[in-house]
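Number of protein chains: 2
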Amino acid sequence: MSLVVVGSMAFDAIETPFGKTDKILGGAATYISLACSYFTRPVKAISVVGYDFLEGDMDMLRSHGVDLEGVQVRQDEKSFFWSGRYHTDMNSRDTLVTELNVLGDFDPKVPASYQDCEFLMLGNLAPDVQRLVIERLERRPKLIVMDTMNFWMNVALDSLHQTLKLIDVLVVNDEEARQLSGEYSLLRAAAKIQSFGPKYVVIKKGEHGALLFGEGQVFSAPGLPLEEVFDPTGAGDTFAGGFIGYLAKSGEVSFENMRRAVVYGSALASFCVEKFGPEQIIALTHEMVDARVQKFVHLANFNLMPQSVQDAIDQSA
Amino acid sequence: MSLVVVGSMAFDAIETPFGKTDKILGGAATYISLACSYFTRPVKAISVVGYDFLEGDMDMLRSHGVDLEGVQVRQDEKSFFWSGRYHTDMNSRDTLVTELNVLGDFDPKVPASYQDCEFLMLGNLAPDVQRLVIERLERRPKLIVMDTMNFWMNVALDSLHQTLKLIDVLVVNDEEARQLSGEYSLLRAAAKIQSFGPKYVVIKKGEHGALLFGEGQVFSAPGLPLEEVFDPTGAGDTFAGGFIGYLAKSGEVSFENMRRAVVYGSALASFCVEKFGPEQIIALTHEMVDARVQKFVHLANFNLMPQSVQDAIDQSA
Chain X
0 MSLVVVGSMA FDAIETPFGK TDKILGGAAT YISLACSYFT RPVKAISVVG YDFLEGDMDM
60 LRSHGVDLEG VQVRQDEKSF FWSGRYHTDM NSRDTLVTEL NVLGDFDPKV PASYQDCEFL
120 MLGNLAPDVQ RLVIERLERR PKLIVMDTMN FWMNVALDSL HQTLKLIDVL VVNDEEARQL
180 SGEYSLLRAA AKIQSFGPKY VVIKKGEHGA LLFGEGQVFS APGLPLEEVF DPTGAGDTFA
240 GGFIGYLAKS GEVSFENMRR AVVYGSALAS FCVEKFGPEQ IIALTHEMVD ARVQKFVHLA
300 NFNLMPQSVQ DAIDQSA
Chain D
0 MSLVVVGSMA FDAIETPFGK TDKILGGAAT YISLACSYFT RPVKAISVVG YDFLEGDMDM
60 LRSHGVDLEG VQVRQDEKSF FWSGRYHTDM NSRDTLVTEL NVLGDFDPKV PASYQDCEFL
120 MLGNLAPDVQ RLVIERLERR PKLIVMDTMN FWMNVALDSL HQTLKLIDVL VVNDEEARQL
180 SGEYSLLRAA AKIQSFGPKY VVIKKGEHGA LLFGEGQVFS APGLPLEEVF DPTGAGDTFA
240 GGFIGYLAKS GEVSFENMRR AVVYGSALAS FCVEKFGPEQ IIALTHEMVD ARVQKFVHLA
300 NFNLMPQSVQ DAIDQSA
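So the sequence lines, in the order shown, correspond to chains X and D.
Mapping to numbering that gives the first Met the number 0: the first sequence position 41 is 40, numbers consecutive.
Mapping to numbering that gives the first Met the number 0: the second sequence position 232 is 231, numbers consecutive.
Chain X extracted, bound-state conformation (with noise of 0.2 Å):
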């Protein structure tokens, strides 16, 4: 069904404990879409870049479905940059320079062609601009999943609650769930946010996976143990990409649904942090993507006794 999807496309430098990049094609919308590409194509984007956008990646994101009418290319401008050094534990980073260049004074732009959409995925931004995006679609989406992060919450937090009352599902991690909710608690967080407006919360929790709440249900799906994280850039975005994908392919919004969905963003994300930036996400295969996800099968499953083998044990105890 038809996907919309909105964010930066950007360059990042990356500095992690196992080297260092110059600048890389990095931005939400990049992660987002190269991950919903697995599931549904094309996936229409909405964002800006500078003069400094490589063609190449341009085709790069063409030959994975990307449609790239609403991506803006401004002439007298640079590409969104950001660079970030990541500890040692991985779990932790410093932005060592943020130019928003592009991003400062970003009008998205809705083609016409774009006016089908069912599916919205809005990746961090301004949540003015996200909030524009959905006022300019003609008709509302069937399903609107939107991301942000710890730095709205601290210099637009009217902006952020009027974008809250908009949508269906909110994906943030935990250290952001926790300051937008003000409780410490992951099940109270969940339930302030939904009392914001969105119905359902994803709560990502990194290496110990991620949480899903909504229609008074929890499900939690495991983090892959992994012998290395190699780098995290893009690991969010890319998760909300294939859950929003997965959903978009499948077209049910329902908590059943959802689960799978969590596992298939689990599932990305986890491919995601074994490579620098998108190189990963670019070079999968639905087989690739197939095999990931019976490992999370695997993992995650567990089959209680039969009531009937139980009451057989109880009896000869």
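Mixed in with the good hints there might be a few duds.
Derived lysine to aspartate or glutamate pairs resembling DMTMM-like cross-links, with alpha carbons at most 25 Å apart [to be verified]: (1) Lys-294(D) / Asp-310(X); (2) Lys-198(D) / Glu-227(X); (3) Lys-77(X) / Asp-93(X); (4) Lys-204(D) / Asp-310(X); (5) Lys-274(X) / Glu-227(X); (6) Lys-22(X) / Glu-273(X); (7) Lys-294(D) / Glu-182(X); (8) Lys-274(D) / Asp-310(D).
For each label pair, taking beta carbons as the anchor points, the in silico distance ranges come out as [said to hold, decoys possible]: (9) Glu-251(D) / Thr-87(X): 40 to 46 Å; (10) Met-304(X) / Lys-198(D): 49 to 55 Å; (11) Leu-156(D) / Glu-98(X): 47 to 53 Å; (12) Phe-150(D) / Asn-300(X): 32 to 38 Å; (13) Tyr-183(X) / Leu-156(D): 34 to 40 Å; (14) His-297(D) / Tyr-183(X): 21 to 27 Å; (15) Thr-97(X) / Asp-93(D): 37 to 43 Å.
Think of the hints as simulated: they come from the structure by calculation, not from any bench.
Keep in mind it's a predicted model, so treat the numbers as computed, not measured.
Using N, Cα and C, we set each Cβ at its ideal position, and we do this for glycine too.
Put chain D on the given structure of chain X with help from the hints.
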């Protein structure tokens, strides 16, 4: 099947952000035995207490089917006493007082009636003492599960390694697994620990659940999201008790059955943190345990779409 539990029976004084207790019943063998009692009875305990241990607590343990023949009562010494204060996030704590008392020269006795031991749970104790119990059993149990802590890695690492060679399952938390192995990745940490002796390793991650490693497989059990963690004291011991109690009841030692055992252990531990000390673990019913385990089933459960449905979606897309 015949189950023996070794560990401290003690007094704890606990401070959490929710309140504080005077000296209340505590100790690894106490929590483990109580948890086991919901699966199999008798639970044959090996421990040592002082003249100050309360007859009422002895009676409570007996009423849970705990056999106290292996519990020495020393009339010349006080019981082990620990006092600690939890920080606001409940994930870290300061030890305020540790009085070894009777534990200082604990010489574990194995009564003749315990020699049929098939399942042995070595609660956290000096690794020398844990090894003594194994040596004093005439026949090697079918399964030996062991807990330990950072303290013994710091002061008795050689002895700990000698004991690790003799056991089947090590149950530790993530921090302990990392210290013992020198590996940050829990996947690598488990592999390293397996190379020390135990075929299976369980890594407890508090609110994030637990990981089971063995037979080349990994299982991830979720943590149950709770509104409030009231007091984490004894949760790890309760987990271990539920784990070995379930295995002893069913009698089957396999990775598949250990998946279930981890879930039962997690369910018992989730009760433990809801009240101060062992209060909640004393007062459980089988109905409460079964209902809690069903919560874990619902929490972790997901089913992939059948391939036929998937194919139909693919074709219609």
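Satisfaction of hint between Glu-182(X) and Lys-294(D), Cα-Cα up to 25 Å: holds, 23 Å
Range agreement (Cβ of Tyr-183(X) with Cβ of His-297(D), hint 21 to 27 Å): Because 24 Å falls inside the window, the suggested range holds.
Supplied distance hint 47 to 53 Å, evaluated on CB atoms of Leu-156(D) and Glu-98(X): holds, 50 Å
Hint consistency between Lys-274(D) and Asp-310(D) [alpha-carbon to alpha-carbon, up to 25 Å]: Violated - the C-alpha atoms of Asp-310(D) and Lys-274(D) are around 50 Å apart, more than 25 Å.
Range agreement (Cβ of Asp-93(D) with Cβ of Thr-97(X), hint 37 to 43 Å): Hint holds: Cβ distance 38 Å, inside 37 to 43 Å.
Distance restraint evaluation - Glu-251(D), Thr-87(X), Cβ atoms, bounds 40 to 46 Å: Roughly 41 Å apart at Cβ, these two residues keep to the hinted range, so it holds.
Distance restraint between Lys-77(X) and Asp-93(X), which requires alpha-carbon spacing of 25 Å or less: holds, 23 Å
Pairwise hint evaluation, Glu-227(X) against Lys-198(D), where the allowed Cα distance is 25 Å at most: Cα-Cα ~23 Å, so holds.
Distance restraint between Lys-294(D) and Asp-310(X), which requires alpha-carbon spacing of 25 Å or less: Holds, at roughly 21 Å.
Restraint status (C-alpha distance of Lys-274(X) to Glu-227(X) at most 25 Å): The given pair, whose Cα atoms are some 10 Å apart, holds under the 25 Å limit.
Given hint Glu-273(X) paired with Lys-22(X) - CA-CA distance at most 25 Å: holds, 19 Å
Agreement of Lys-204(D) and Asp-310(X) with the hint, judged by alpha carbon distance not exceeding 25 Å: violated, 32 Å
The structure fails to meet hints 4, 8, 10 from the earlier list, while all remaining hints are met.
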